[in-house]
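Visitor: Okay, here's what each chain looks like letter by letter:
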Amino acid sequence: MKERLSELMDGELDDRSAAAVLEALGRDREARQAWGTYHMTGDAMRGGRPLSEGFAARLSARLAAEPTVLAPRALPAESRKWFALSAAASLAAVALVGWMAFAPRPQVAPSAAPVAQAQPEAKPNIVPLPTAANDYLLAHQGFSPRVSLQGMAPYVRTVSEQAVEPRR
Amino acid sequence: MTDREIDRQLVARAQRGDKQAFELLVEKYQRKLARLLSRFIRDPAEVEDVTQEAFIKAYRALPAFRGDSAFYTWLYRIGINTAKNYLMAMGRRAPTSTEVEAEEAEGFEEGEQLRDINTPESVLLSNEIAETVNSTIEGLPEELRRAIQMREIEGMSYEDIAQAMNCPIGTVRSRIFRAREAIAEQLRPLLDIRKDQRW
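Protein sequence lines, in the order shown, are assigned to chains A and B. Residue numbers for the first sequence follow this note's numbering, so the first one is 1 and each next one is one higher. Residue numbers for the second sequence follow this note's numbering, so the first one is 1001 and each next one is one higher.
Hints listed in this document are in silico derivations from the structure and should not be mistaken for laboratory results. Keep in mind that a hint or two might mislead.
What the hints assert, rightly or not - Some but not every residue of chain A turned toward chain B, in silico, with C-beta under 10 Å:
| hint | residue |
| --- | --- |
| 1 | K2 |
| 2 | E23 |
| 3 | A44 |
| 4 | T131 |
| 5 | N134 |
Stated by the list, open to error - Quick list of in silico lysine to aspartate or glutamate cross-link-like pairs, DMTMM-like style, CA-CA up to 25 Å:
| hint | chain 1 | residue 1 | chain 2 | residue 2 |
| --- | --- | --- | --- | --- |
| 6 | A | K2 | B | E1185 |
| 7 | B | K1019 | A | E66 |
| 8 | A | K2 | B | D1003 |
| 9 | B | K1057 | B | E1128 |
| 10 | A | K2 | B | D1007 |
Beta carbons: idealized from backbone N, C-alpha and C, even for Gly.
Whole structure, please, built from the sequences with the hints as guidance.
Guide: What follows is the structure, given as structure tokens:
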């Protein structure tokens, strides 16, 4: 066990063996003492000075008095990736709908004399369209310029034109 | 498994309520952290108190540790902040010349000498340990001594040591372990005697 521990400390064990040694450290008191002594030896060889033995005992007592920490288990990396992707997709969908709903509509260019122009429009000069034009408009209404989300407006106009025709 | 991964595994165990796993991290880093804090605080008793406080703070903050940085880098920052808070509470100020940026944490030089802040008896005891380690190493067979020095001082991998010593990796593994055990055998009586004595 201690030889494996020595290897573990040097980063020379594969993940599976290392996990087994770490697990065993929890049960093996002698191995835990070796862990401390080996680390102390390394520190001493590198010129470090150990702390007092009382230090370890005091800190151990303080840790024992601390409430045990329990951290929430972290999501696996794969789950986190999918969570992030779905969150990003949701945000993108919300942004798209928001943009469609609140995007600035095309505006008529401001006129230099709006009041003067308003007068002639009071009596619009309605030019009756021939029936053939209605069919043409109906067939090509998909190409007509219009702002999105106008709902039934283009159809309503076309249908009302059709309703007028039979009376003529 | 790398050193950082070992720490991560121990942290994960501690986060699941295994205090013993955290104590293994304390065993590993207590001297390194104390040496760092001795740059800020002169009194040896205070250095130990602040080191303890830093470990307790780290333990309490464990749920927040996500492993984005190495454990020691994280502990290092806690240690520095604890020392600064301590000095401020005592009406003192950490000298800016000794401030060390957190980025240096990973490369903190093991070889840096701890300021000689110990009491006469602790110096004596410290010297006794150092002498024991040194004399044991000197008394080791050449191949064991070279192997443990290349590993602990040079930080070489088993593969590199095997190439340097022209022997199989298994032999390197065995030599390093035997050297460690030989030193530990000489240290154990001293460590038993030293209980509650300060360095």
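Visitor: Look at each hint and say if it fits the structure.
Guide: Consistency of the hints with the structure:
no. : hint               : result
1   : K2                 : holds, 7 Å
2   : E23                : holds, 9 Å
3   : A44                : holds, 4 Å
4   : T131               : violated, 73 Å
5   : N134               : violated, 67 Å
6   : A:K2 to B:E1185    : holds, 13 Å
7   : B:K1019 to A:E66   : holds, 10 Å
8   : A:K2 to B:D1003    : holds, 17 Å
9   : B:K1057 to B:E1128 : violated, 32 Å
10  : A:K2 to B:D1007    : holds, 18 Å
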